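Enquirer: The primary structure of each chain is shown beneath.
Number of protein chains: 2
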Amino acid sequence: MAVRHYTLDFNLSTAVECASVVPGLLSIFHEQELAETIHDTNGHGYLATFVGKNGRLVILRVHSHGLVTIDLQCYEEDNAAQLDNLLNSLEKKLKVILNGNIARTKKLPPLVRGAEVDRYWPTADGRLVEYDIDKVVYEEDSPYQNIKILHSKQYGNILVLDGDVNLAESDYAYTQAITGNGKENYAGKEVLILGGGDGGILAELVKHKPKMITMVEISFMVIDGCKTHMRKTCGNILDTLRGDCYQIFIEDCVPLLKKYVREGRTFDYVINDLTAIPISTSPEEDSTWEFLRLILDLSIRVLHPKGKYFTQGNSANLTEALSLYEEQLGKLSCPVDFHKQVVCVPSYLEQWVFYTAWKK
Amino acid sequence: MAVRHYTLDFNLSTAVECASVVPGLLSIFHEQELAETIHDTNGHGYLATFVGKNGRLVILRVHSHGLVTIDLQCYEEDNAAQLDNLLNSLEKKLKVILNGNIARTKKLPPLVRGAEVDRYWPTADGRLVEYDIDKVVYEEDSPYQNIKILHSKQYGNILVLDGDVNLAESDYAYTQAITGNGKENYAGKEVLILGGGDGGILAELVKHKPKMITMVEISFMVIDGCKTHMRKTCGNILDTLRGDCYQIFIEDCVPLLKKYVREGRTFDYVINDLTAIPISTSPEEDSTWEFLRLILDLSIRVLHPKGKYFTQGNSANLTEALSLYEEQLGKLSCPVDFHKQVVCVPSYLEQWVFYTAWKK
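Chains as they are written, first to last, in full-length UniProt numbering: chain Y, 1 to 360; chain F, 1 to 360.
None of these hints come from the bench; they were simulated from the model.
Note that identical chains are pooled: a pair holds if it fits in a single copy or bridges any two copies.
The calculated BS3-like cross-link candidates involving lysine-lysine, where the alpha carbons are at most 27 Å apart (straight line), are: (1) K183 / K207; (2) K107 / K153; (3) K135 / K106; (4) K153 / K340; (5) K232 / K183; (6) K306 / K340; (7) K360 / K259; (8) K93 / K106.
Bear in mind the structure is a predicted one, so any value in this text is a computation, not a measurement.
Could you build all of it, start to finish, from the sequences and the hints given here?
Expert: See the structure below:
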């Protein structure tokens, strides 16, 4: 049973004495049969809490610098019309009491806390966003990560790995960007996909009749979940691990890349669709950047001299992480040039950077 | 001075006695010198509030059905590291106390309440979303609406009319969709734009050398704000109200449309870029739908028999409002066919429906 948490805030043009605000509101709380507690705030304005009989909790704060905040917590199955009435009454009354002194009123959609289906999946740049998720379609823990597939009315099913939105069925823009925006000629080419367990890239590229696509995905469980629940993304391509012009290896890409380097094998395209680069740049994560650079280095080493390397980067807002990534591109054993592109991937709710790199 | 409001929630696998949770946490609150009040909840679990010396407020609830919620409110300039520590201590301690009984831990990015720059602009389908807005670039009240232009790091400047995100500088996808996805030939054509005060459509279409674009925007203040602050959208097209192949009338489009109908004047393209259709379908708003139908009807009457009518619809999730709109399309004095398209407009944070209509 979830808790709905409403907030209703008033920015005032000038600070007010709580004595002028509070008494006028109390009648509303008393009507609701809420038990009142007034707290000592040590000079930080007025604070009262009101507890109702059905688990309702109201918090009223009149901050001394000119902000009134109201919180209303209730159970999900509580009478929504009654609560709307309560909030509307409070809003109306405050508008009368603070006549002309309100610079802004803000009533947000309620936070739903502890719900069976979690709708809040913050962006990579740390913003609070609510998705229209109504169902958990798939959830498993693999040895590598927590795998969820969530249903959204507008985005279709969404693959979420360790809490990060990876790809939704609406996100053909992602597949387009990471395969070169439809400007590449894959016909007869050798392609290597690192990761890509949702099958989106593979399903797109087989249409172009490449010579062979080799995909290396560490997690069979991701493939297994996506082949059932992300069919708008992968079609039937994941139904078998081997087709006319593709083969999927379920293994860690690093040893395989090292083997290809030893064998001198090259690919016309290397597409890195592994999970996002780490956002934290704290010193204890140096090893993550080193790991990323290792994969980058190996990828470029198996790239044909005229080949292209495509990868996703990060949120366009995470400029520090993007700079660090570009720094790694300058430290490879084989020098590369690169360009980047900002793309709107529908389900991400933030702009995303994609990179193309090639040997100098 | 804003309030940061953190939430930290624990879904439990099985309900617990608050007696087993609360004592272990109290030492943390006491360390923080928080004054405790325990509330009578009439059998709805445990509820305690803790007030600190610097305006901090912590609310701890152990709901009897297996949910623990913690709220932490503090002032914006409060010591963020200390607060992180407090939340981390609470999280760690609860993980020890509830050993193995936690099904989900959720710590959301804090809500920032009462801030000078408001970052929360809910979607048309009513979801809570936080934008990366760091500056109010322009704000005025016209006789028609509240006009804001807000700066977002990733979307550029965003035009917000009466609290609705209208268009950001990143949103060329909107302009493309409402002008026919680049598949129309505007050369030598007569075009009528209803609304369009941000100048995006006008700036796009003049490139195609139409015979004449007539744009009718009711609000000069929208044009005035956009011509200064939305230049990635409008370029210099709004610097003058009249150019080689366009003219902008600052007036209500309805009388003008009626005049055009009387004169028998027609256009090859009519592009309705007025603000979104109403979401509410409550009876008292019937008149809004009637008004919408009037505009639709007049627009189709001034449309050349082989012309096309483009308009934005609504959030893809507002299926009821979309159906009602399509119902209006069936009630026009001149029968039309239509199709619709779902488009990702970057700054909307939701999928949006666009319509194309033409005379049967």
